[in-house]
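Peer 1: The primary structure of each chain is shown beneath.
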Amino acid sequence: ETGVTQTPRHLVMGMTNKKSLKCEQHLGHNAMYWYKQSAKKPLELMFVYNFKEQTENNSVPSRFSPECPNSSHLFLHLHTLQPEDSALYLCASSQDRSSGYNEQFFGPGTRLTVL
Amino acid sequence: GQSLEQPSEVTAVEGAIVQINCTYQTSGFYGLSWYQQHDGGAPTFLSYNALDGLEETGRFSSFLSRSDSYGYLLLQELQMKDSASYFCAVRGQDNAGNMLTFGGGTRLMVKP
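The listed protein sequences derive, respectively, from chains A and B.
The first sequence lines up with residues 1293 to 1407 when you count with the working numbering.
The second sequence lines up with residues 653 to 764 when you count with the working numbering.
Treat the hints loosely; a few may be bogus.
Said to hold, decoys possible - Here are the computed lysine-lysine pairs in the DSSO-like style, where the Cα-Cα straight-line distance is at most 27 Å: (1) A:Lys1333 - B:Lys763; (2) A:Lys1333 - B:Lys733; (3) A:Lys1332 - B:Lys733; (4) B:Lys763 - A:Lys1332.
To be verified - Sample of chain A residues lacking proximity to chain B, with all beta carbon distances greater than 10 Å (derived): (5) Glu1336; (6) Ser1354; (7) Phe1398.
Claimed, not checked - Negatives, chain B to chain A, calculated, CB over 10 Å: (8) Gln677; (9) Gly710; (10) Arg718; (11) Glu729; (12) Met751; (13) Thr753.
No lab work stands behind these hints: they were computed from the structure.
The beta-carbon is built from N, C-alpha and C at its ideal position, and this holds for glycine as well.
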């Protein structure tokens, strides 16, 4: 595997379900990000982890819970979501969030549909 | 806060040149990035401008004017495969390091 991978690629869940999205980066990066991409809206940053520490929570509802067990893996735990949470969830990584600009490498995303 | 404006859609013909503009408002500014995203695909990095001027990478160039809070992406010798969405993103004072605020994206359609 190379680059940034995400599983599953598609997910359909009911509002009472609990599910998790997984992201793995094979680039040796130290920063990882979760974004939400809804139709006709800009990419919205949700969470940032740098060296496994959460450094940003962009006012995301608590029904989204991130977890970063190590620099290569990032999870997004989903619980009691709403239909408006249906979107493409993108994971990205970069070398380091603090040492000047480094391009972000994105995974292919998980297309989430909440019924 | 930060906001970015870019056209929602642009259409051009194969072989032509197209310019996608981006204006931004930020409380501070470190640089402007451009990303490309094909339908169903992941955004991929195209360029980053921290200083005024034009950066050229093959058929794509990116320009920044910090005094005008303005930048553009220039695509030359358009090919069908260039049909995609293009996003500008700022790295501003509220977004230290690599945190980015993205514009709404410009959908480029290249016609034969």
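Peer 1: With reference to the structure, classify each hint as holding or not holding.
Peer 2: Verification of the hints:
For the given pair, Lys1333 of chain A sits about 25 Å from Lys763 of chain B by alpha-carbon distance, which is consistent with the 27 Å threshold. Simply put, Lys1333 of chain A and Lys733 of chain B have alpha-carbon atoms about 23 Å apart, close enough for the 27 Å limit, and the pair holds. For the proposed pair Lys1332 of chain A and Lys733 of chain B, the alpha carbon gap of about 22 Å is at most 27 Å, so the pair holds. Taken as a hint, the Lys763 of chain B and Lys1332 of chain A pair is honoured in the structure, with Cα atoms around 22 Å apart against an allowance of 27 Å.
Not every CB of chain B is more than 10 Å from the CB of Glu1336 of chain A (nearest about 8 Å), against its label as outside the interface. Here Ser1354 of chain A stays apart from chain B, with its beta-carbon at least about 21 Å from theirs, past the 10 Å limit. Its beta-carbon lying about 4 Å from the closest one in chain B, Phe1398 of chain A breaks the requirement of being farther than 10 Å from that chain. The beta carbon of Gln677 of chain B is kept farther than 10 Å from every beta carbon of chain A, the shortest such distance being approximately 14 Å.
With a closest Cβ-Cβ approach of about 16 Å to chain A, Gly710 of chain B is found to remain outside the 10 Å limit, as its non-interface label requires. Distance check on Arg718 of chain B: its Cβ is at least 15 Å (rounded) from any Cβ of chain A, clearing the 10 Å threshold; non-interface status holds. Remark: the non-interface label on Glu729 of chain B is consistent with the geometry, its nearest Cβ contact in chain A lying 24 Å away (cut-off 10 Å). Interface exclusion of Met751 of chain B from chain A breaks down, the closest Cβ pair being 6 Å apart, not more than 10 Å.
Residue placement check: Thr753 of chain B does not keep its beta carbon more than 10 Å from all beta carbons of chain A (closest about 7 Å).
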